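Chemist: Residue numbers (the numbering used here), protein chains in the order written: chain A, 6 to 526; chain B, 6 to 526; chain C, 367 to 811; chain D, 367 to 811.
Because the hints were derived from the structure by calculation, they are not lab data.
Here the structure is a predicted model, which is why all the values come from computation and not from measurement.
It cannot be assumed that every hint is accurate.
Stretches of chain D that chain B covers, calculated by requiring three or more beta carbons in the stretch to come under 8 angstroms of a beta carbon on chain B [claimed, not checked]: (1) 398–408; (2) 597–603.
DSS-like mimics (lysine-lysine), calculated; alpha carbons at most 30 angstroms apart, straight line [said to hold, decoys possible]: (3) B:514 - B:524; (4) B:198 - B:272; (5) B:424 - B:495; (6) A:424 - C:766; (7) A:524 - C:666; (8) D:766 - B:339.
To give a feel for the contact side, a few chain A residues facing chain C, derived at Cβ under 10 angstroms [as the list claims (entries may be wrong)]: (9) 61; (10) 83; (11) 217; (12) 218; (13) 317; (14) 340; (15) 341; (16) 406; (17) 507.
Cβ coordinates follow ideal geometry from the N, Cα and C atoms, glycine included.
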Amino acid sequence: MANPTGWKPSVERQAGGGEGSDVGAGGATRGLAFEEPLLFEHPPSTRSGASLPEPSGRHDPARDIPPELLGGEVEGMPALSELDVVRHFTHLSAWNHGIDTGFYPLGSCTMKYNPKSSEALARLPGFAMAHPLLPAEMCQGALELMWRLERALSEISGFAATTLAPAAGAHGELTGVMMIRAFHVARGNARKKILVPDTAHGTNPATAARNGYQTVEVKSGPDGRLHPEAVRAAMDEDVAAIMITNPNTLGIFETHIAEIAAVLHEKGGLVYGDGANLNALVGVARPGDMGFDVMQFNLHKTFATPHGGGGPGSGPVAVKEPLVPFLPLPVVAKEGAAWRLVSEPRERPQSIGRVREFHGNMGMFVRAWAFIRELGPDGLRRCSELAVLNASYVREKLRDVFHLPYDTDSLHEVVFTDKLQAASDVTTMDVAKRLIDHGFHPPTVYFPLVVHGAIMIEPTESESKETLDRFVAGMRAIAEEARTDAEGLKASPRKPVRARLDEVRAARKPVLRWKPGMKVE
Amino acid sequence: MANPTGWKPSVERQAGGGEGSDVGAGGATRGLAFEEPLLFEHPPSTRSGASLPEPSGRHDPARDIPPELLGGEVEGMPALSELDVVRHFTHLSAWNHGIDTGFYPLGSCTMKYNPKSSEALARLPGFAMAHPLLPAEMCQGALELMWRLERALSEISGFAATTLAPAAGAHGELTGVMMIRAFHVARGNARKKILVPDTAHGTNPATAARNGYQTVEVKSGPDGRLHPEAVRAAMDEDVAAIMITNPNTLGIFETHIAEIAAVLHEKGGLVYGDGANLNALVGVARPGDMGFDVMQFNLHKTFATPHGGGGPGSGPVAVKEPLVPFLPLPVVAKEGAAWRLVSEPRERPQSIGRVREFHGNMGMFVRAWAFIRELGPDGLRRCSELAVLNASYVREKLRDVFHLPYDTDSLHEVVFTDKLQAASDVTTMDVAKRLIDHGFHPPTVYFPLVVHGAIMIEPTESESKETLDRFVAGMRAIAEEARTDAEGLKASPRKPVRARLDEVRAARKPVLRWKPGMKVE
Amino acid sequence: MRYHPHTAEDVREMLAAVGAESLEALFRSIPASLQLRRPLDLPPAADEIALLAEFRRLAAANAVEHPPFIGAGAYPHHVPAAVDQLLLRGEFFTAYTPYQPEISQGTLQALFEWQTFVALLTGLEVANASMYDGATAMAEAALMAARLTDRRRIVVSAAVHPDYRRVLATALAATGDEIVAVPWREDGRIDLAALERAVDGRTAAVIVGYPNFLGVVDALPEAAALARKAGAIPVSVTSEAVALGLLKAPGALGADVAVGTMQSFGAGLQFGGPAAGFFAIREAFVRQMPGRVCGATLDKRGRRGFVLTLSTREQHIRRERATSNICTNAGLMALAATIHLALLGKHGLARLARLNHDRARLLRDALGAAGVRPRFSGPVFNEMAFEVGDAEEVVARLAKRGIAAGAPLSRWFPDDPSLRGALLCVATELHSPELIELFARSVRR
Amino acid sequence: MRYHPHTAEDVREMLAAVGAESLEALFRSIPASLQLRRPLDLPPAADEIALLAEFRRLAAANAVEHPPFIGAGAYPHHVPAAVDQLLLRGEFFTAYTPYQPEISQGTLQALFEWQTFVALLTGLEVANASMYDGATAMAEAALMAARLTDRRRIVVSAAVHPDYRRVLATALAATGDEIVAVPWREDGRIDLAALERAVDGRTAAVIVGYPNFLGVVDALPEAAALARKAGAIPVSVTSEAVALGLLKAPGALGADVAVGTMQSFGAGLQFGGPAAGFFAIREAFVRQMPGRVCGATLDKRGRRGFVLTLSTREQHIRRERATSNICTNAGLMALAATIHLALLGKHGLARLARLNHDRARLLRDALGAAGVRPRFSGPVFNEMAFEVGDAEEVVARLAKRGIAAGAPLSRWFPDDPSLRGALLCVATELHSPELIELFARSVRR
Ligand SMILES: Cc1ncc(COP(=O)(O)O)c(C=O)c1O
Ligand SMILES: Cc1ncc(COP(=O)(O)O)c(C=O)c1O
């Protein structure tokens with residue numbers, strides 16, 4: 006495949022340069038990269054990259070730490086100069102694909118642009134260097150920011166109040182379901198079950214189980230939606246709640262949400278909203294207005310805080326009025342012109358208690374609040390509009406070459422399958438790996454589980470039509486290639502520093518850390 | 006060449022992956038890279054990556070700017086979102102080799118590690134946001150720093166005073182020779198000639214010419230050193246100065262410097278020191294103690310301020326007492342406990358005047374002062390010791406496979422040639438390009454001009470023995486390859502995003518900017 | 367809007383392509399009654415200059431001129447400039463969980479290195495790819511112990527960070543597992559006799575702080591031995607991981623699980639988050655370990671590489687039978703700690719730890735000279751409680767001078783009048799001898 | 367020492383390899399009498415924490431709370447956060463001059479883009495890869511004009527930045543070339559009648575500020591026409607390049623050479639440096655252009671790439687016959703400007719320029735309401751001189767309030783008593799309407 010989309014300015018007719026030197030639809034080619042050993046594989050030495058003051062020399066630890074507790078230098082630790090370390094991580098970073106490198110349509114993860122200004126703001130010493138236990142009078146700025154963010158999230162989602170404490174989406178789910186449980190317990194009965202649609206993210210059933218609930222799977226309909234009848238059939242007075250993602254993980258709006266909520270509410274159940282897909286709805290519709298009682302945000306998705314190679318996230322949870330007493334601690338309160346943290350159970354006796362240390366991931370609050378402040382009400386709505394436009398556009402442009410399992414309106418993401426490629430034995434995994442050679446991060450694959458060979462594409466609003474057109478061209482080229490050269494396709498990716506990795510080997514003979522003489526064979 | 010030095014952890018026996026996928030001695034392999042069009046080659050649009058306040062709307066420029074001076078939007082400018090721009094420059098950066106990427110033994114350029122802490126310090130708002138014309142009482146910190154740096158540089162070099170104004174080494178030379186000229190003019194005669202050894206950097210003769218002096222080349226001896234007799238032969242009362250780099254560009258100390266200085270001084274000439282090679286001497290010997298009258302520093306070399314892809318630099322100039330009156334403006338003066346800038350010619354009537362706008366490259370002063378502060382007197386000397394050790398080590402390890410034109414002690418850098426490779430028609434350029442595939446930045450090549458096919462290696466003190474050993478292994482592998490596979494060698498580099506570039510074409514049909522419809526053919 | 371690349375023309379063309387009349391029409395699958403018919407009630411958009419001014423104002427309302435003398439779970443440490451500049455590389459911070467290993471080897475190798483650092487510092491065999499924080503890591507450890515032992519009682523030292531214990535209580539609210547707290551003795555160490563009484567055949571885990579919340583290096587070997595004797599899993603918890611550069615590793619003292627936070631490395635304070643929780647175990651527990659883990663493998667061409675592995679434990683595969691529900695963890699903070707630890711290295715870490723030990727002694731001596739004595743006699747690392755009379759008064763008084771004096775223990779033990787005067791203070795490499803002197807003088811008045 | 371990787375063992379081994387007994391012995395080629403036999407008299411080494419404290423103290427001694435109302439050659443502008451984060455990528459800032467194009471394509475393409483931006487903004491055909499600053503760029507322009515015309519008289523408007531003129535004088539001290547200054551008229555524009563008298567067949571260049579030092583958009587078209595008539599090269603000088611987003615390009619108004627600084631884009635103030643000087647010309651002058659230049663070419667496989675080119679003009683090839691002696695230029699600052707301009711783009715630049723124009727009007731009106739009037743009647747962009755009575759007094763008074771009031775013109779024209787009251791002030795996007803009001807009130811008292 007030599008530059009199927011006419012990527013410029015490469016002059017690919019003479020490209021040559023061996024395998025993988027062609028130019029992908031996303032601009033991918035090959036260039037210089039560096040192998041890099043593990044930090045621990047450098048020879049031992051007396052080096053250090055540390056720059057530290059000298060101790061007074063007057064206090065020998067051996068004098069006051071019992072010998073059985075006193076250790077020496079940690080064996081196995083590396084000994085490198087600052088430059089060694091800088092080169093090490095500079096090389097490592099070059100092996101990664103990030104949003105800053107290229108299109109990253111990882112469905113359900115909302116890989117939107119992470120504003121650089123947020124990084125600068127979060128590094129202001131007043132935020133970066135503030136201790137979480139500063140006396141209130143010494144941290145009014147931090148508290149004010151948290152309070153404003155809390156108010157804004159409640160408004161955006163249509164709930165009464167929001168806790169900022171949870172550290173990520175799944176942690177928010179956990180917190181939310183804990184509140185649901187506390188709510189029921191306060192009414193005398195924790196109940197036993199939580200309904201979870203078959204399209205749900207794995208964190209939903211795991212969260213329910215973690216709270217001691219049995220999960221009951223509810224099947225979605227042929228239109229990819231949850232139907233009130235199915236919910237009604239599963240509903241009884243043992244059901245504490247249903248956990249719904251809306252739009253769901255197919256990107257499809259749960260049209261019957263209000264009716265479903267009514268089914269739950271009728272029998273005293275609550276409706277939990279997995280807010281991972283909120284990017285479809287900001288300023289357009291509010292979960293609080295649809296019958297949800299509790300919902301977590303993923304600030305690292307909807308509000309553009311960086312995903313950081315797997316975190317940190319932030320998963321605030323919004324609740325309706327009846328659940329407010331159960332919010333975890335701490336809570337930021339405004340009293341007159343000052344703010345303070347309510348941390349003592351005495352002040353909030355019904356609180357489920359603490360869900361983590363301190364007050365939440367402040368670093369993420371700063372960035373999320375910056376995003377909300379910069380976008381404003383219109384800009385935030387615009388995010389959702391453009392996110393949906395982008396996904397709809399990709400859907401339309403690919404539906405003739407990839408199988409669309411649900412031919413109904415979808416919102417911010419779209420799910421295809423590898424069904425049309427089955428004849429040539431090309432799978433979703435092959436498509437994903439081939440996209441790498443084009444210069445794109447693959448979509449989420451094999452999720453949701455209800456779709457066989459799912460390819461879940463979420464472009465987000467950050468991407469231009471040009472980028473989408475290139476992605477579409479890449480996907481179409483792959484569809485074509487699946488017909489004409491399935492073998493070649495299966496040899497992908499060819500361009501990165503590593504070819505396909507053997508995941509089976511990794512799980513069968515786990516090597517989970519370096520040890521002297523470590524071998525991977 | 007597959008991993009000649011046993012680079013780990015790659016398992017190269019099965020490497021394959023086409024041309025250039027082997028692992029070089031410096032760890033170089035191939036990986037994913039991105040093509041990137043010019044900013045101007047994106048389709049025109051209404052996009053912008055700007056975030057700006059709204060104007061009041063009350064002031065139409067057409068009302069007060071005459072129509073013949075009023076322009077519209079600038080045609081041809083790009084129109085991109087912030088993300089487009091971030092990706093653009095992220096991709097571009099990946100095509101570069103920097104010190105942070107790998108070994109960079111570019112002779113005469115002192116590519117030492119640029120401390121990250123200096124970058125943080127230079128960004129403190131008090132430095133980054135200070136206007137150069139702030140009233141003195143509002144910029145005491147900046148002035149104090151400049152004053153302390155000035156004092157430190159004078160001490161390090163052994164001179165009476167230093168101007169911080171010049172923007173780079175060559176600008177320092179210009180300033181220095183201007184002072185020399187002013188000195189002579191003050192004595193009634195500017196004189197006509199400047200002596201320049203044949204090993205001199207091109208900026209030396211260019212500087213002399215720029216000051217209206219005729220340059221007279223002085224040949225160095227067979228030991229690579231300048232000899233008093235040669236200087237004496239060229240010396241007369243028309244000679245204003247000699248420009249000497251010490252150690253010279255062969256890395257060799259000018260042993261006869263004191264005698265040469267005497268030859269000059271005897272006939273009223275001055276001795277200019279090109280301080281580009283000061284990294285060999287800090288704390289070990291001081292140019293001011295050797296007979297030099299004027300010398301420029303290259304803060305971006307000796308004092309580790311980043312080279313920035315070609316600048317900014319900083320080229321302070323130190324002078325002996327008799328030249329102090331001629332220092333350019335401004336001068337930082339300490340008066341009591343306060344500092345102020347002396348900018349007015351009235352206060353320094355003999356000053357050569359201003360050599361640039363404002364006071365110098367403050368951004369570089371902050372970094373250089375940080376370097377001096379962190380290293381301290383012992384650490385600075387240690388830099389020179391290790392720099393010389395490194396260069397001497399490389400010299401020793403390569404002298405059997407590359408021709409060493411001057412077999413005499415050298416200091417912080419060493420010059421080889423391609424003479425031993427001549428038989429296989431392999432040139433210095435081929436060696437340089439092959440080093441790229443190993444993962445090393447090539448040394449300075451074809452300089453100094455007195456050495457045919459010069460390969461000038463300056464490792465600096467930042468590099469570890471391991472890195473040097475890898476480099477040596479790479480160079481030795483190349484020497485071997487020159488014998489066994491000259492053709493293959495000449496096809497290098499294979500790994501970067503671009504193969505050898507056609508410099509002749511660039512100069513013959515210059516395309517120096519983008520224009521609509523631009524073609525390079 | 368600088369983040370929105372769509373021109374009016376793009377929008378028109380794309381709407382045409384998808385057959386929608388307007389952006390609004392894209393949402394027709396949302397019942398009209400559920401749509402929001404008004405703009406969100408939020409402040410209007412701010413440009414970058416206004417944003418900077420607004421956030422500078424907020425940041426300036428936090429007093430951070432001096433490093434705080436507060437630890438209590440978050441430790442003021444110097445983070446070398448190199449850490450942050452490497453973290454800012456977009457390839458790191460704008461990537462997500464390394465689902466596609468071929469283009470995530472940077473994140474993956476760094477995680478493998480993080481896991482190794484955690485294993486080395488804790489003296490245990492295996493570590494996961496990070497947890498949200500120390501408190502949730504401890505709760506996960508308790509749950510894992512319950513699964514492994516099939517027992518339902520968690521014995522925890524009262525000198526474990528009270529907030530961690532609260533998080534544990536919250537986490538166990540649904541399981542009905544029991545928590546038994548064991549008091550500390552006058553020296554600030556766990557009461558081993560009480561521990562012995564508390565531990566029995568129903569005990570899943572014994573959790574001890576190392577150092578504990580009072581700053582005291584607790585009796586981990588003895589506690590671990592008692593746990594082991596009863597078939598319970600000894601768990602150590604560490605909030606101040608710099609201590610592990612001076613103390614023996616918990617794994618070497620008998621802990622089978624070591625959890626905590628690496629906040630001290632690379633994270634800074636950030637008003638309490640984010641920082642990377644760590645979770646280290648004996649290899650035998652690996653199939654019950656929560657969270658992601660990175661493992662080494664080979665690629666198709668036989669070159670070493672890294673992947674996320676053992677994912678059959680995890681929610682996205684195992685769903686309700688997963689070992690935990692964690693998904694997004696604290697990857698970037700794990701990277702930050704990894705870079706910081708790499709810079710320190712073997713020798714730097716030891717020097718840093720000794721320096722912290724030294725500074726705490728300077729603090730003790732300076733306060734001693736001011737007539738203020740430590741509250742507990744047990745061995746300490748860089749943090750200790752002092753008896754200052756009225757801790758809240760001291761804190762309020764020093765706040766006026768811009769000094770964060772420490773954490774009054776009564777905040778966590780309001781019902782224990784004997785702790786009214788106890789002020790928990792830390793001294794680290796950031797507290798210069800001069801600042802320590804100033805502090806001691808200020809406490810005195 | 368964190369920057370020195372050598373262990374004692376390494377040093378030993380390496381010394382043995384090179385056959386030296388000690389590190390000292392490496393310097394035996396330096397006569398003993400020339401060696402320094404004492405440690406340098408410098409403050410002792412500081413660790414990173416101490417360094418940070420020391421530099422914070424110094425930085426805090428510069429008053430930067432408010433953006434200064436001073437321009438006068440260095441303009442306070444907002445630099446988007448993205449610029450700096452991209453500049454911090456080590457591949458950019460730790461590289462040097464792109465001597466090896468295959469591994470410098472990033473720097474080279476960015477330089478090509480910089481050259482294009484300069485050409486577009488100046489309306490000229492070719493630009494070089496940057497100069498040290500605006501002042502030296504202007505001096506180089508004069509020298510180039512002298513070479514091109516083989517004439518020896520430089521006519522320069524007195525309203526060109528006085529420091530630039532001083533730099534020109536310094537540069538020409540050796541050549542004996544003559545400088546003729548042409549006064550400005552009451553409106554702040556060059557006196558065209560005087561210019562006409564000054565220009566003749568000996569004139570190499572006519573240099574005009576655009577806008578000029580007084581903030582006035584000078585009569586460039588007329589001046590250029592006069593120059594051209596006499597066979598001299600019309601040169602425009604711009605310190606506030608944001609103006610080029612609102613004004614016609616100098617090349618479109620007759621300038622054959624446009625020089626100045628792009629400090630307004632990407633550099634920030636930095637107490638005056640570094641920032642990138644620019645140098646743009648008509649194509650015909652290219653072989654006489656000073657400095658480096660980047661050009662497009664093809665690689666061996668026919669792919670477009672970039673190299674430094676036309677180097678036969680330069681000192682490293684041509685030595686004493688070079689067009690200048692410049693070597694290291696201001697690469698990173700050119701990159702900074704390029705990134706900033708890319709972010710602004712066509713529309714953003716126009717908006718920024720209009721906003722600056724607007725803010726200067728707000729300043730004029732606010733000061734007008736305080737009874738303070740502009741000194742010159744000519745058209746201005748974002749900077750203008752006001753008649754404040756005693757400019758030095760106003761500056762000293764506002765300094766006490768932490769406001770940098772502006773630049774008193776008398777500093778450069780001490781002998782002209784009529785300028786005693788003239789205070790040169792700028793207003794940009796950084797000066798909010800509220801700050802402008804505060805400023806006007808403070809000037810008034
Ligand atoms: C639909 C859905 N729910 C929940 C989560 C869990 O969120 P987090 O990873 O922040 O814990 C995800 C994350 O990928 C998700 O996609
Ligand atoms: C020996 C020598 N002299 C002078 C210079 C000029 O210094 P700069 O590039 O800072 O102008 C250099 C720079 O490479 C050099 O190597």
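Chemist: It remains to establish, for every hint, whether it holds in the given structure.
Modeler: Each hint tested on the structure:
A stretch counts as covered by a chain when three or more of its residues have a beta carbon under 8 angstroms from one of that chain; for the segment 398–408 of chain D and chain B the count is 8, and the coverage holds. Interface restraint, the segment 597–603 of chain D with chain B: violated (0 residues with C-beta to C-beta distance below 8 angstroms; minimum three). Proximity of residue 514 of chain B to residue 524 of chain B is assessed by CA-CA distance (about 11 angstroms); at most 30 angstroms being required, the pair is judged to hold. With a CA separation close to 13 angstroms, the supplied pair residue 198 of chain B and residue 272 of chain B stays within the 30 angstroms bound.
For the hint pairing residue 424 of chain B with residue 495 of chain B, the CA-to-CA distance comes to about 16 angstroms; that is within 30 angstroms, so the pair holds. Pair hint residue 424 of chain A plus residue 766 of chain C does not hold up; C-alpha atoms about 69 angstroms apart against a cutoff of 30 angstroms. Our distance criterion of 30 angstroms between C-alpha atoms is met by residue 524 of chain A and residue 666 of chain C, whose separation comes to about 17 angstroms. Restraint check: the Cα-Cα separation between residue 766 of chain D and residue 339 of chain B comes to about 21 angstroms, which is no more than 30 angstroms; the hinted pair holds.
Taking 10 angstroms as the C-beta contact cut-off toward chain C, the hint placing residue 61 of chain A at the interface holds, the least distance being around 5 angstroms. Here the hint on residue 83 of chain A is kept, as its CB sits about 5 angstroms from the closest CB of chain C, short of 10 angstroms. Residue-level restraint check for residue 217 of chain A holds (minimum Cβ-Cβ distance to chain C is 4 angstroms; threshold 10 angstroms). Residue-level restraint check for residue 218 of chain A holds (minimum Cβ-Cβ distance to chain C is 8 angstroms; threshold 10 angstroms).
Checking residue 317 of chain A against chain C by beta carbon gives a least distance of about 3 angstroms; that is within 10 angstroms, so the hint holds. With a least beta-carbon distance of about 16 angstroms to chain C, the hint placing residue 340 of chain A at the interface is violated under the 10 angstroms criterion. Interface hint at residue 341 of chain A: violated, since its Cβ lies 15 angstroms from the closest Cβ of chain C, which is beyond the 10 angstroms cut-off. The beta carbon of residue 406 of chain A comes no nearer than 15 angstroms to any beta carbon in chain C, farther than 10 angstroms, and the hint placing it at the interface is violated.
The interface hint given for residue 507 of chain A is met, as the beta carbon of that residue sits about 5 angstroms from the closest beta carbon of chain C, less than 10 angstroms.
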